[in-house]
Amino acid sequence: MCVRYLGFFLLVWNPQVLHAQRAAQPCPAPSLNGGFFPPGQSAYNHEATLSYACHDGLKPAVKGRWGTSTCRNGNWSPKPQCIDEKACVPLTIPNGNYDASTDGWYGERDRIQVTCDEGYEHKDRDATAQCINGAWSSVPICEKSTESCGDPPKIPHAVIIVQGYQEVFAVNSQLQYQCEDGYTAEGEDTKTIICISGNWTEGPTCTQRAAQPCLAPSLNGGFFPPGQSAYNHEATLSYACHDGLKPAVKGWWGTSTCRNGNWSPKPQCIEITQSCAEPPKIPHAVIINQEYQEVFVNDSTVQYECEDGYAAEGSDTKTITCMSGNWTEGPTCNANCGDYPSVPNGDVVVQVNGTSLKYQCNKLYRLEGPVSVTCQSNGKWTEPPSCRAAFCVIDPDQTTMRDVKLSAVEYIKDGQRKYIPCIWNDRTRLVQCIYGQTYSSVCCRSFDHNYNGCKSEGRIENRSTV
Numbered sequence: 328m329c330v331r332y333l334g335f336f337l338l339v340w341n342p343q344v345l346h347a348q349r350a351a352q353p354c355p356a357p358s359l360n361g362g363f364f365p366p367g368q369s370a371y372n373h374e375a376t377l378s379y380a381c382h383d384g385l386k387p388a389v390k391g392r393w394g395t396s397t398c399r400n401g402n403w404s405p406k407p408q409c410i411d412e413k414a415c416v417p418l419t420i421p422n423g424n425y426d427a428s429t430d431g432w433y434g435e436r437d438r439i440q441v442t443c444d445e446g447y448e449h450k451d452r453d454a455t456a457q458c459i460n461g462a463w464s465s466v467p468i469c470e471k472s473t474e475s476c477g478d479p480p481k482i483p484h485a486v487i488i489v490q491g492y493q494e495v496f497a498v499n500s501q502l503q504y505q506c507e508d509g510y511t512a513e514g515e516d517t518k519t520i521i522c523i524s525g526n527w528t529e530g531p532t533c534t535q536r537a538a539q540p541c542l543a544p545s546l547n548g549g550f551f552p553p554g555q556s557a558y559n560h561e562a563t564l565s566y567a568c569h570d571g572l573k574p575a576v577k578g579w580w581g582t583s584t585c586r587n588g589n590w591s592p593k594p595q596c597i598e599i600t601q602s603c604a605e606p607p608k609i610p611h612a613v614i615i616n617q618e619y620q621e622v623f624v625n626d627s628t629v630q631y632e633c634e635d636g637y638a639a640e641g642s643d644t645k646t647i648t649c650m651s652g653n654w655t656e657g658p659t660c661n662a663n664c665g666d667y668p669s670v671p672n673g674d675v676v677v678q679v680n681g682t683s684l685k686y687q688c689n690k691l692y693r694l695e696g697p698v699s700v701t702c703q704s705n706g707k708w709t710e711p712p713s714c715r716a717a718f719c720v721i722d723p724d725q726t727t728m729r730d731v732k733l734s735a736v737e738y739i740k741d742g743q744r745k746y747i748p749c750i751w752n753d754r755t756r757l758v759q760c761i762y763g764q765t766y767s768s769v770c771c772r773s774f775d776h777n778y779n780g781c782k783s784e785g786r787i788e789n790r791s792t793v
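Residue numbering for the sequence shown follows this note's numbering, beginning at 328 and increasing consecutively.
Rather than coming from a laboratory, the hints here were simulated on the basis of the structure.
Each residue gets a CB set at the ideal place from its N, CA and C atoms; glycine is no exception.
Be aware that one or more of the hints could be misleading.
[What the hints assert, rightly or not] Simulated pairs of lysine to aspartate or glutamate, EDC-like, Cα-Cα distance not exceeding 16 Å: (1) K593 - E561; (2) K732 - D753; (3) K471 - D453; (4) K608 - E598; (5) K577 - E561; (6) K608 - E618; (7) K690 - D674; (8) K390 - D411; (9) K471 - D451; (10) K608 - D570; (11) K413 - D383; (12) K413 - E435; (13) K471 - E494; (14) K690 - E632; (15) K406 - E374; (16) K685 - E695; (17) K685 - D666; (18) K450 - E470; (19) K450 - D437; (20) K608 - E656; (21) K740 - D722; (22) K707 - D635; (23) K390 - E412; (24) K471 - E445; (25) K685 - D722; (26) K481 - E507; (27) K413 - D437; (28) K782 - D383; (29) K608 - E632; (30) K471 - E448; (31) K471 - D444; (32) K406 - E445; (33) K707 - D666; (34) K481 - E529; (35) K450 - E474; (36) K732 - D722; (37) K481 - E494.
[Claimed, not checked] Derived DEER-like restraints, expressed as beta-carbon distance ranges: (38) S404 - R438: 26 to 34 Å; (39) S699 - E561: 44 to 52 Å; (40) E374 - R744: 29 to 37 Å.
Construct the complete structure from the given sequences, taking the supplied hints into account.
This is the structure we're talking about:
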């Protein structure tokens, strides 16, 4: 009998979450009647995923010949479960539903009654399915009813209100349209359509309201070119300001556009100033060469220094200058987490501004956990990955397989299968490396290997490869 072994994948949660959020709970190692997990540990972190297989005559209570379960805040989901191989796992019926089993599976000869969603009907009037020898027979199909309607018509400048998106609408369904701002439908701004015998009734037509003109603008402290008393929608005017003033927009002249009866942006002249207000507040930085004041004259300088545990690009201090009423750009202080975490059998391959690192593992090692780590605002690196052996070692001096002929140490890549000669010339062991663990059959002839008549001996002890 050939025994099935499956590995597991450990998904490591990235700890960059809100500090106020409660820490997710780990899960104890799961138990499984009628099946097995790969050798593991006594507890697993939130979001860790395990694979499992079932003994002969049984199968996982999920689709597929092996199952997976994930730790969700202290509980395994879905619950690992092995069921009779003649039982059936739940069906997915597009556009239909049925009463779910409390066990999460269905026994041999069990039947389910399928109800189609609104707007759908049973094809060939078949509404039941039966579990026979581990598979469902005569699975009902829910197809669109000839009386139902598809997508409602797309009407220019209108939106459907009080209804989420769906592909099919049952007969007599009603939808309400509303015209967008600036448009109107004849009679009123909203209109209802109805699904009748597979077709929608006629929808509204949204026409644009006439845009309003603008009166000639007024401007304190500035002037427009000679113009007219009113301007059409979308008309644009330029303006300038008197000495000592400037437009309230960037540049030495300003523009304003008529938008349905109003000028945008509003024409405005403001006082020109060469001084600067308070210097910008920079996260994790402090001003070190200046006492507090509200106004700084042109060419004033202010020096920042990053707080302990943070550093600015280039140096820990940086100077900004008041130039024509504006401060030059200040520094950015990033958390300084110190030396990056060391990962045995792995190396850093990418660094981003000293705040993010990407790892890769050495040859024959597999990376588990996050590919990258990040320097957090608390000055600590996020949890690094680990590099686990993706190979097995068979040492003739240390292996428990005393019936094989080995003249030197054998290395087997993860997932690789290899025949090792036994002391009997016509027999070999079939050895396989699975996630750093060595599994072997007993010594068998090639005929027995080929036709699954070779018994498994299970996991073989060998020296550590981590």
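### Task
State the violated hints by number, sorted upward, taking the hints as numbered earlier in the document.
Numbers 4, 5, 10, 14, 19, 25 and 32 - these are the hints that the structure violates, sorted from lowest upward.
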